[in-house]
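**Student:** Fit chain to chain and form the complex, with the hints in mind.
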Amino acid sequence: MHEMALAESILTTLQEQARQHDYARVRTVWLEIGPLASVEEESLRFSFDVVVKGTLADGARLEIETSPAQAWCLSCCKSVAVVRRFDACPECGGHQLQMTSGDELRIKELEVD
Amino acid sequence: MDFGAGPARAHAPGLSQTRMVQIEQDILAKNNAYAAANRACFDAAGILALNVVSSPGSGKTTLLVATIELLKTQVPVAVIEGDQQTSNDAERIRATGVPALQINTGKGCHLDAHMVGHAVETLRPADGAVLFVENVGNLVCPAAFDLGEAHRVVVLSVTEGEDKPLKYPDMFASANLMLLSKVDLLPHVDFDAKACVANARKVNPRIKVIEVSAKTGAGMAAWIAWLQAARTLAFPSGEVAAATR
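Sequences listed follow chains A and B, in order. Take our numbering: the last position of the first sequence gets the number 113, and nothing is skipped along the way. Take our numbering: the last position of the second sequence gets the number 245, and nothing is skipped along the way.
Honestly, the hints are just simulated from the structure, not real lab data. Here a beta-carbon is modelled for each residue, glycine too, at the ideal position from N, C-alpha and C. Keep in mind that the hints are not guaranteed to be accurate.
[Said to hold, decoys possible] In silico DSS-like links for lysine-lysine, alpha-carbon gap of 30 Å or less:
1. A/LYS53 - A/LYS108
2. B/LYS208 - A/LYS78
3. B/LYS30 - A/LYS53
4. B/LYS215 - B/LYS72
5. A/LYS78 - A/LYS53
6. A/LYS53 - B/LYS107
7. B/LYS72 - B/LYS107
8. A/LYS108 - B/LYS208
9. B/LYS167 - B/LYS215
10. B/LYS30 - A/LYS78
11. B/LYS167 - B/LYS194
12. B/LYS194 - B/LYS215
13. B/LYS30 - B/LYS167
14. B/LYS107 - B/LYS30
15. B/LYS194 - B/LYS208
[Unchecked claim] Taking beta-carbon pairs under 7 Å as the criterion, some of the chain B residues facing chain A (in silico):
16. VAL21
17. GLU24
18. ILE27
19. LEU28
20. HIS110
21. HIS114
22. GLY137
23. LEU166
24. PRO169
25. ASP170
26. VAL203
27. TRP226
Pulled out of the complex, with its shape left as it was, chain B reads as follows (with noise of 0.2 Å):
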């Protein structure tokens, strides 16, 4: 260390110096260090983290609604809801029999992995239990923030742009899932689903995709087998077996 080399350029006893520090430190590392203690209390209690993505109006409500009715006969199943505002969503969910928690993020725009993981202390999903985080509805922020998740699943709607993958790019290229959502509108809405798809791999060319609708219940089926896959895959039968005992 020189203590010549500030910018008085010579070492004068009691007057403070500049220096260089080198700390090459990533300034997600405490939101990623609490995502890998997530992970790691998930990957421990056989439960699949999913952080559903979207803008706002999707219908990602509805959908979860929608899927823990034909889930939660097969599986223990777990909602942590992130919205700015009000607890009506997490209301919604814990009317279909199963436990939610609400996340106010007040004046924040994302959920981060330190707020999840207060709130699986609290909520205390069974083990086994498939976990949907439901992200605040916004296509931008909440990409950044690893929340821990095993899967991120990101819901399009046909009622928005067949463009938003291009217009939003940081999102669906860090999603594993797209959830085509409302597709039961598809004949009176202007919306190519094929130019969506192709959007979306330019993207991510290893994004899966799934058409669904909440309401006519079109491509549920494939989805809860998605769900049931993913499971099967993080957690080989003997696992799960095991942690839901």
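One chain only, chain A, in its complex shape (with noise of 0.2 Å):
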């Protein structure tokens, strides 16, 4: 439910940097966003396209982008790719592991008029 929050973070965000910008409309929004962000893509869209009805990112388009979250073994001494936060290090089956990328939540780049 928080990514109704997050939503209005973003627009805030696209606001603030139309000033900066010199930007009257926002046509897409390239988003990142780690696996272990704790965010639901579809209640996400859901939420953006809801809160920026009726502003200058009225109907933009949300590009999501995500990559593979990395955590580095302490046993192994080595960065290893994981899908959860409780998977096991896939060399040696240790779970002293520190997540070192997939939480990734930002916005990276606009589309504007």
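**Tutor:** Listed below in structure tokens is the structure:
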């Protein structure tokens, strides 16, 4: 349910950037959302569409990029790919993993006019 | 900037052209900025702020009341209560004699750093206080929102499932301490405490665990000792003394 708060936060950023970069309309928003960012993509899309109604981003398209999460295995001393937070290290089977990426929640780029 | 590179593929005066803007901004940047401001304010006043999270019904408020009874003779205590509706929890805390402020999130499912900043302005915790922020009972949404706390404390009661850390890994991954509560009920429920701790460590190898019971007082001394240690580490003796004066 916090996707609504995230959508509002995205809109605020779009409005602030509009002053800085001098644009009137937002056509597309590229987001980078990690697989561990606790964001439900469909819920975020729905919330975004609702929140931007009647604003400079009304009808804007959301492009969401996701890259696999990485963790540092303390036992293997190397970076490994994981799907979930409690996955074992795919190399040694241990759980001494420190997540190094996967919780990204970033606005990367905008298409504006 | 190439004005001919828009979808129209040509520059036509007066016609708008789309263009790309790189912004690379964290979606939670605003919340994180408020959290940083809260943290600076807590640090300056020697306040140890704790974000207490759990699912609804884990006994957070009962545990807080029992904690406050033990802690209030040692240090100033203040509480911010987050709930969707009612001020029942703040009233329970105020009955112990410590100041408490209720935030009603209305439709919201979590506290954010901005709400907490405003609550602190109204509540004005004493210098050197321990400030408990009891978040909305929810193991999902509050995980993403830093409030400016020194530590995140997740409460899990033995009447829940021992696999909760695996079901809600984001919250357990972001917590520093897990309080396993209602341990007085262990003989009456099928709850494998060892498996629960193992599950928590799968998502967070560094998480500390203390088993407590607000009812019998079991483990409460260890929890109070943890709080005092956290306070000493955050504000080495001189600083706390200066802040408390």
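**Student:** Taken at face value, is the distance from the CA of B/LYS72 to the CA of B/LYS215 at most 30 Å?
**Tutor:** holds, 18 Å
**Student:** Restraint: B/VAL203 near chain A, CB-CB cut 7 Å. Satisfied or not?
**Tutor:** holds, 5 Å
**Student:** Can you verify the interface hint for B/LEU166: is its Cβ closer than 7 Å to any Cβ in chain A?
**Tutor:** Cβ of B/LEU166 sits 5 Å from chain A, so the hint holds.
**Student:** Taking only the CA atoms, is the gap from A/LYS53 to B/LYS107 under or equal to 30 Å?
**Tutor:** holds, 19 Å
**Student:** Does the structure keep B/LYS30 and B/LYS167 at a Cα separation of 30 Å or less?
**Tutor:** Distance of about 28 Å is within 30 Å: holds.
**Student:** Checking hints one by one. Is B/TRP226 an interface residue toward chain A, by the C-beta closer than 7 Å rule?
**Tutor:** violated, 23 Å
**Student:** Does the interface hint hold: is B/HIS110 within less than 7 Å of chain A, judged Cβ to Cβ?
**Tutor:** With Cβ-Cβ at 6 Å, under 7 Å, it holds.
**Student:** Hint validation: B/PRO169 versus chain A, beta carbon distance must be below 7 Å. Holds or violated?
**Tutor:** OK, holds: B/PRO169 within 7 Å of chain A, min 4 Å.
**Student:** Can B/GLU24 be said to touch chain A, with a Cβ gap under 7 Å?
**Tutor:** holds, 6 Å
**Student:** Taking 30 Å as the top limit, are the C-alpha atoms of B/LYS72 and B/LYS107 close enough?
**Tutor:** violated, 33 Å
**Student:** Does B/ILE27 hold up as a contact with chain A if the rule is Cβ-Cβ below 7 Å?
**Tutor:** holds, 5 Å
**Student:** Between the alpha carbons of A/LYS78 and A/LYS53, is the straight-line distance 30 Å or under?
**Tutor:** Given pair A/LYS78, A/LYS53 is violated - Cα atoms ~46 Å apart, limit 30 Å.
Violated hints for the displayed structure, listed by number in ascending order: 5, 7, 8, 10, 21, 22 and 27.
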